[in-house]
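Student: Below are the chains, spelled out letter by letter.
2 protein chains.
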Amino acid sequence: MEIERKFLCGKLPFSLAEFPHKQLSQCYISTNPVIRIRKNDTQFFLTIKGTGELCRQEFELELTQEQYNHLNKKCETSVISKKRYYIPLNTTATAELDIYENQLEGLITIEVEFITMEEAQLFIPPVWFGKEVTFDNRYKNSSLSQFGIPPELS
Amino acid sequence: MEIERKFLCGKLPFSLAEFPHKQLSQCYISTNPVIRIRKNDTQFFLTIKGTGELCRQEFELELTQEQYNHLNKKCETSVISKKRYYIPLNTTATAELDIYENQLEGLITIEVEFITMEEAQLFIPPVWFGKEVTFDNRYKNSSLSQFGIPPELS
Chain D
871 MEIERKFLCG KLPFSLAEFP HKQLSQCYIS TNPVIRIRKN DTQFFLTIKG
921 TGELCRQEFE LELTQEQYNH LNKKCETSVI SKKRYYIPLN TTATAELDIY
971 ENQLEGLITI EVEFITMEEA QLFIPPVWFG KEVTFDNRYK NSSLSQFGIP
1021 PELS
Chain F
871 MEIERKFLCG KLPFSLAEFP HKQLSQCYIS TNPVIRIRKN DTQFFLTIKG
921 TGELCRQEFE LELTQEQYNH LNKKCETSVI SKKRYYIPLN TTATAELDIY
971 ENQLEGLITI EVEFITMEEA QLFIPPVWFG KEVTFDNRYK NSSLSQFGIP
1021 PELS
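Chains as they are written, first to last, in this note's numbering: chain D, 871 to 1024; chain F, 871 to 1024.
In short, the hints are calculated from the structure, not lab data. Some hints could be false.
All copies of an identical chain are treated as equivalent in the list; a pair is satisfied when it fits inside any one copy or across any two copies.
Distance condition first, Cα-Cα at most 25 Å in a straight line; then the derived BS3-like pairs of lysine-lysine [to be verified]:
(1) 944 to 881
(2) 953 to 919
(3) 943 to 892
(4) 1010 to 892
Only chain D is shown next, with the shape it has when bound in the complex (with noise of 0.2 Å):
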């Protein structure tokens, strides 16, 4: 089960370069249910995603490149490039920050991971956290890769 808050991006009080980050780059070979392929640096990943916004189903499996490859011919969507940004939050958690490339550049995302939904409920956003969009399908990876940025941001 994955819980996760996500939020657009106020401004970074900080520079971005002292944080480690991945380039990743998903497709999707269904939006509904989300079965996604990503390449996380060197490595591969299936990922299974039931429905739900705060809190949903996950399932993940590591990929040869060869697995991959394969997969990736059955995609639907257009593919998203993002660096991933890890940066340590004041509590047990960690922001992701996603800085969204090519179709997708001048978006940028923080989602953040907890362990249980009253952990994830009584988390206060950092003041460079900008409006929240967890419950914004809009949002979700899966309709970025087939509709773009939404027209507020655009």
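Since the structure of chain D is already known, use the hints to place chain F on it.
Tutor: Below, chain F without anything else, positioned relative to chain D:
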């Protein structure tokens, strides 16, 4: 995690008619890794399986008929149809006896699922179980859907 042993079927000392059964049909979006869709009477499921024989990761998600129909177009194998009978054993386990149909007619397999590896290893098959095929990949449904019944049986 799914822990399961699989057998061919010997001579049944009882009639199957007294046991409940379901009509299954399934095919594969991918056989490596396994991404399977299955119709189980009137329910629909998406299942992902990791590698392994006796023990493998497995994740299942219920689908709507509409989701199933969409994913059906992405399948790369022929459809497997079978009747699955549920036969309680003298332990906490249930034998799932599959009678294959159409291109796999003549094949009958039995699967028993266990909670722990120890339970799986201590299991003594009833006399009406045939040869064990847990470690014979040719009897995986993903293989049967691609290559049909192994030559030794056909």
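Student: Each hint needs a verdict: does it hold in this structure or not?
Tutor: Against the structure, the hints:
no.	hint	result
1	944 to 881	neither (38 Å within a copy, 43 Å between copies)
2	953 to 919	within (22 Å within a copy, 29 Å between copies)
3	943 to 892	within (24 Å within a copy, 34 Å between copies)
4	1010 to 892	within (19 Å within a copy, 37 Å between copies)
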